[in-house]
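Residue strings, one per chain:
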Amino acid sequence: MKQMGKLAWALWFGYAFLYVPIALLIFYSFNESRLVTVWGGFSTKWYAELLQNDQLLGAAWLSLKVAAMSATASVVLGTVAGLALARFGRFRGRTLFGGMITAPLVMPEVITGLSLLLLFVALEQAIGWPDGRGMTTITIAHTTFTMAYVAVIIQSRLVSLDESLEEAAMDLGARPAKVFFVITLPIIAPAIVSGWLLAFTLSLDDVVVASFVSGPGSTTLPMVIFSSVKFGISPQINALATLMMVVVATGIFIASLVMARQERQRKRDEQMAVQGG
Amino acid sequence: MIDLLRRIGLWGRGVVVAIPYLWLLLFFLVPFLIVFGISLSEAMLAQPPYAPLIDWLVDEDAGTTKLQILLNLSNYLRLGGDDLYILAYLNSVKIALVTTVCCLLLGYPMAYAIARAEPAKRGPLMMLVILPFWTSFLIRIYAWIGILKANGVVDNLLQWTGLTTEPFELLYSDWAVYIGMTYCYLPFMVLPLYATLEKLDPTLLEAAADLGCRPWKAFLTVTLPLSLPGIIAGSLLVFIPSVGEFVTPELLGGPDTLMIGRVLWNEFFANRDWPVASAVAIALLLFLVVPIMVFQHVQGRQTEAGR
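Those protein sequences? They're chains C and X, same order as listed.
End of the first sequence = 277 in UniProt numbering, gap-free, step of one.
End of the second sequence = 307 in UniProt numbering, gap-free, step of one.
None of these hints come from the bench; they were simulated from the model.
Check each hint, because a few of them may be wrong.
Unchecked claim - Computed footprint of chain C on chain X; a stretch qualifies when at least three of its residues, placed anywhere within it, have a C-beta under 8 Å from a C-beta of chain C:
no., region
1, 34–42
2, 107–119
3, 146–154
4, 238–252
5, 255–266
6, 270–278
Keep in mind that this is a model prediction, so the values were computed, not measured.
All C-beta atoms in this analysis are idealised placements derived from N, C-alpha and C, irrespective of residue type, glycine included.
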């Protein structure tokens, strides 16, 4: 452990790098002064102002709706895709499928955004759908790039799991659909929860893709933040950022508590099963 | 009978796979073909603002229809002929490379320290790395504006310690872009590095030490080569999206911080030149095809290794 000295310093430096900006952001959201970096006393007035900003609240509501819908859709599609990659062995077109799953993870957002917009325009010309751009197109776009993350999470969870439980159920005569809903789904439930949360956050965070595929009247929260940040910083954005972080932190905290409890329960069940046998 | 059941089972599987498969074909693969098509089109004042590639020409007199396909390469010639685009590509690669190296230099010791920590502590330490990733990317970039601007935190600190007396601004420079991008992509580097370093057998290092190998040499000859898959995966995970990055250079960079993502954005939104924007995207994609394929190969091997 002696050589840990320098390493520990590197680790703490890394943590400081990651957390000091966030801490400063939260700190200055309680600043009385309009000048964001000059301390003018404690105040919560920016939070009060925030709650009266209708444009911001409308955009936040739209973003939450889009994030919830696209996260749900991408969990369904991503779970199926992850299952296919981890359990179905070789099937026709697997290479292309695997490629289409991993490529969105690294694809620059400007390319994804542009290509989806051009698709929507071409579709509208050809079949009249989608009629204009707005919430639907943003949701479809977000589903497409977040399902890749969900699929990878589900796939790696399934790969690390023993297939024998599913095989045993099959041997006992359970149909594949039943095996999935009774055996596989409960086992990968934690991965599904984290996949949903990740998809939700990614959707709530996206400014580039949404800018391409949104239409007039459908401005998401990141788009509002982005345009106001371009004109400089404002304490209101600090307050908004703080609120968003509190919401995300609470969500993750609750999810990890629930998952830890389930994990303990599962371990207990397994132990009981072993002892009983 | 069993054969029939098997057949039904396989058929069911096919239907199940078909849903995400078709979704990705329609919303991921087909769009690229359309981008490619429109990159060969001509900009036009119309709605949408490009000339149709394929047109049916109806000749009323002769009573015939002719299929006309117009392809023009002028958009690509423009990319190759204008210094702006070439400089933007080169500069994007430079910024992405610097970001990747910074993430590696900062992330490797972190991942190594976490992997060498007591097993019970590893989970929480790793959680601390991932946690900022859950907060908004935009807001993390925004946080740096307040730190780097003139009269910001860094400036005030420097003036207070007396290192500078003039207002000192890091914001709106390439340096700010490096800091911001390293900040945002760091977790992507630490995650795969930690995954390989954690699996590393510590007895290998003990064996090296027993045989009289100095710690740094053991690191160079044992640890580093064995963690190479993690280094490659992490670097690609940072490098590829960095090349096309838009938000960070737009918010932290100066007007002369030229990056291809910004060029594409301006062609599309400011100039409304969709065909040129498409050509920029295709050229970027062609450049990234090799790194993306290497990434898929490494990613595939890592998931296989999880078995």
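Results for each hint:
no.	hint	result
1	34–42	holds (count 3)
2	107–119	holds (count 7)
3	146–154	holds (count 6)
4	238–252	holds (count 9)
5	255–266	holds (count 3)
6	270–278	holds (count 3)
Hint violations for this structure: none, all hints satisfied.
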